[in-house]
Amino acid sequence: MNYGNIVVAVDGSDASQDALNHAVELARQRNSPLTGIFIIDTQWADFIGNDWQSAKGARQGFLDYIRKEQEEQAEAARTQFELATQKMEQVSFSVHAGDPTAILVEQASSEKTGMLIAGRRVFQVSGRPSLKALATTLTKKASRPLLLFP
Amino acid sequence: MSSESPGFFRQLPSAIPGLALIIITMVVIRFWIEPWMGDTVILGQKGWLIKVTHLNYILLGIICGMLYRNVIFGGTMPEIFSNGFKLSRLMIKTGIIMLGSLYTFSAIVQLGSMAIFLIGGFVILTIIMVLWLGKVFGLDRSMTGVMANALSICGVSAAVATAPAVEAKASHVAYAIATILGFGILTMFISPFIGHALNLTDLQYGAWIGTGILNSGQVLAAALAFNPNVAPGTAVSVAEIWNIMRVISIPFAVFAITVWYWAGKDSADNTGKKKSLGTLLVEKFPVFVIGFMAMVFLTSMGAFGDVGLKGGPPASDTIKMLRLVMQWVFGFGLVGLGGFIDFKELRQAGGTPLKLGLIVGTTKYVLALIVVLLIKDSLVAI
Numbered sequence: 001m002n003y004g005n006i007v008v009a010v011d012g013s014d015a016s017q018d019a020l021n022h023a024v025e026l027a028r029q030r031n032s033p034l035t036g037i038f039i040i041d042t043q044w045a046d047f048i049g050n051d052w053q054s055a056k057g058a059r060q061g062f063l064d065y066i067r068k069e070q071e072e073q074a075e076a077a078r079t080q081f082e083l084a085t086q087k088m089e090q091v092s093f094s095v096h097a098g099d100p101t102a103i104l105v106e107q108a109s110s111e112k113t114g115m116l117i118a119g120r121r122v123f124q125v126s127g128r129p130s131l132k133a134l135a136t137t138l139t140k141k142a143s144r145p146l147l148l149f150p
Numbered sequence: 151m152s153s154e155s156p157g158f159f160r161q162l163p164s165a166i167p168g169l170a171l172i173i174i175t176m177v178v179i180r181f182w183i184e185p186w187m188g189d190t191v192i193l194g195q196k197g198w199l200i201k202v203t204h205l206n207y208i209l210l211g212i213i214c215g216m217l218y219r220n221v222i223f224g225g226t227m228p229e230i231f232s233n234g235f236k237l238s239r240l241m242i243k244t245g246i247i248m249l250g251s252l253y254t255f256s257a258i259v260q261l262g263s264m265a266i267f268l269i270g271g272f273v274i275l276t277i278i279m280v281l282w283l284g285k286v287f288g289l290d291r292s293m294t295g296v297m298a299n300a301l302s303i304c305g306v307s308a309a310v311a312t313a314p315a316v317e318a319k320a321s322h323v324a325y326a327i328a329t330i331l332g333f334g335i336l337t338m339f340i341s342p343f344i345g346h347a348l349n350l351t352d353l354q355y356g357a358w359i360g361t362g363i364l365n366s367g368q369v370l371a372a373a374l375a376f377n378p379n380v381a382p383g384t385a386v387s388v389a390e391i392w393n394i395m396r397v398i399s400i401p402f403a404v405f406a407i408t409v410w411y412w413a414g415k416d417s418a419d420n421t422g423k424k425k426s427l428g429t430l431l432v433e434k435f436p437v438f439v440i441g442f443m444a445m446v447f448l449t450s451m452g453a454f455g456d457v458g459l460k461g462g463p464p465a466s467d468t469i470k471m472l473r474l475v476m477q478w479v480f481g482f483g484l485v486g487l488g489g490f491i492d493f494k495e496l497r498q499a500g501g502t503p504l505k506l507g508l509i510v511g512t513t514k515y516v517l518a519l520i521v522v523l524l525i526k527d528s529l530v531a532i
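Chains as they are written, first to last, in this note's numbering: chain E, 1 to 150; chain P, 151 to 532.
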């Protein structure tokens, strides 16, 4: 059985390695295309919205600093994905920007997604506290097959 | 995320829907909901809702902002309202600058000298406590640095200013912010009750919350929730002087924590990363404080007429109008600020940062009240 495109959320951490290994194995067995995704969280400006008194430079400096960490995380995720998918055909990796929860829910409900695979703690390494509830939200809202790893 | 806003004037048209929602909300609260609460008889008492719950237009405004985001809009501010709500920060800054019209230089010196004593003592004690507890709990060094400044000075602003200087991870900062906001919101709602129950004067209450509440937005809200009047000697006029003292100390505290952080690291690591106090002052000094001081200068020069200080001539019409405008500006700003309180984030706060935040936050909150009560006779009203 071919699942269609398998989408796996990767963040470069040990937590996402298990999910990635299973996604690779499944894609090999089923000869399915495999897409790795990383999401740069753009919600930080909103998250610190309650801070009204920071100097503009301090505020922007902080957002740039977080952005830099997330870009480094994206590179780590790409490397992790490329190492795991060596010699495989039909693989791609993409970096999205937005709210990680909203984008993963969208992926998990898209007709183009055959199956979504993710670790329960994915994106928590550089994320806001609400990302702890990402897996729960996915189980409630995903309309495509979903595989979650501890 | 690289650039937060495209500029004030270009942003303005897209801010209109959000601004309209904020303005309509505050108008409805002030012209209909608040009067209705004042007239309604519950348990045989007219105005029970206000007398017992101490809800006024400020707290109602924040509650509405929180309801918009977390209930009506399902957890995310819709794009159409987003830019308008972002302008709430500008409104509060404008309000604080206008607040300078409540003081003359002599009043600032009088209040400021009391504030320096309390704020300085509490900032230093809190930093020491957090550094010690961070070690006891085995907390990451950069996380401890962020928590130290956030808990000792002014919450989120201090966390934002400190994080890059101590190489804090995004997730560390996020947990620090969620902890501080959660604690700040709790104290914002309970402080007016405690203040009224203990029959605190505006001066005592302002000094207490200006010292004890962690986050600046909640200091402003708690002050106006206790007494919505904006005039010399009211809770907001005292608490905001305390708050400004805290804000001014941000660059210095960031410098101190940076020195502490890098002292515990290999010296080869810090090349080009440790910033001088001068650089930090330029980068982190909040410019609105200069606007506030300019307003105090103009007021002291008599540019707006009499201020209406205790024992002096009554306030001029210009000053009265400024105070009325401030009430509205703060009202609008705090509806907006409520719209940035995300229950999803607060619910997920936890772990050691929460434990540390609760211990230090509660100690500071209670200790500030005890100290204010102990020195109440030394506090002099303006």
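One thing to keep in mind: the hints can contain errors.
Unchecked claim - For each label pair, taking beta carbons as the anchor points, the in silico distance ranges come out as: (1) E:150 to P:414: 33 to 43 Å; (2) P:478 to E:83: 52 to 62 Å; (3) P:160 to E:79: 34 to 44 Å.
To be verified - With a straight-line Cα cutoff of 35 Å, these simulated DSBU-like cross-link-like pairs (lysine-lysine) come out: (4) P:494 to E:140; (5) E:132 to P:470; (6) E:56 to P:201; (7) P:196 to E:68; (8) P:201 to E:132.
As the list claims (entries may be wrong) - Take a look, some chain E residues computed to stay more than 10 Å from chain P by CB distance: (9) 66; (10) 82; (11) 91; (12) 109.
Keep in mind the hints are simulated off the structure, nothing from the lab. Beta carbons are placed, not taken as given, at the ideal position from N, Cα and C, and that holds for glycine.
Hint-by-hint comparison with the structure:
Distance hint check for residue 150 of chain E and residue 414 of chain P: the Cβ-Cβ separation is about 34 Å, which falls inside the suggested range of 33 to 43 Å. For the hinted restraint 52 to 62 Å between residue 478 of chain P and residue 83 of chain E, the CB-CB distance of approximately 59 Å keeps it satisfied. Range check, residue 160 of chain P to residue 79 of chain E: about 38 Å between beta-carbon atoms, so the 34 to 44 Å window is met. Between the alpha carbons of residue 494 of chain P and residue 140 of chain E the distance comes to roughly 16 Å, so the proposed pair stays at or under 35 Å and holds.
With a CA separation close to 49 Å, the supplied pair residue 132 of chain E and residue 470 of chain P exceeds the 35 Å bound. At roughly 40 Å between alpha-carbon atoms, residue 56 of chain E and residue 201 of chain P are farther apart than 35 Å, so this suggested pair is violated. Between residue 196 of chain P and residue 68 of chain E, the direct Cα distance comes to roughly 57 Å. Violation of the 35 Å bound is thereby established for this hinted pair. As the CA atoms of residue 201 of chain P and residue 132 of chain E are separated by approximately 40 Å, the hinted pair breaks the 35 Å bound.
Listed as outside the interface, residue 66 of chain E is inconsistent with that label: its C-beta sits roughly 5 Å from the nearest C-beta of chain P, within the 10 Å cut-off. Under the 10 Å C-beta cut-off, the non-interface status given to residue 82 of chain E relative to chain P holds; the minimum distance is some 24 Å. For residue 91 of chain E, the non-interface assignment is confirmed: its Cβ lies about 28 Å from the closest Cβ of chain P, beyond the 10 Å cut-off. At roughly 16 Å from the closest C-beta of chain P, the C-beta of residue 109 of chain E stays outside 10 Å, upholding its exclusion from the interface.
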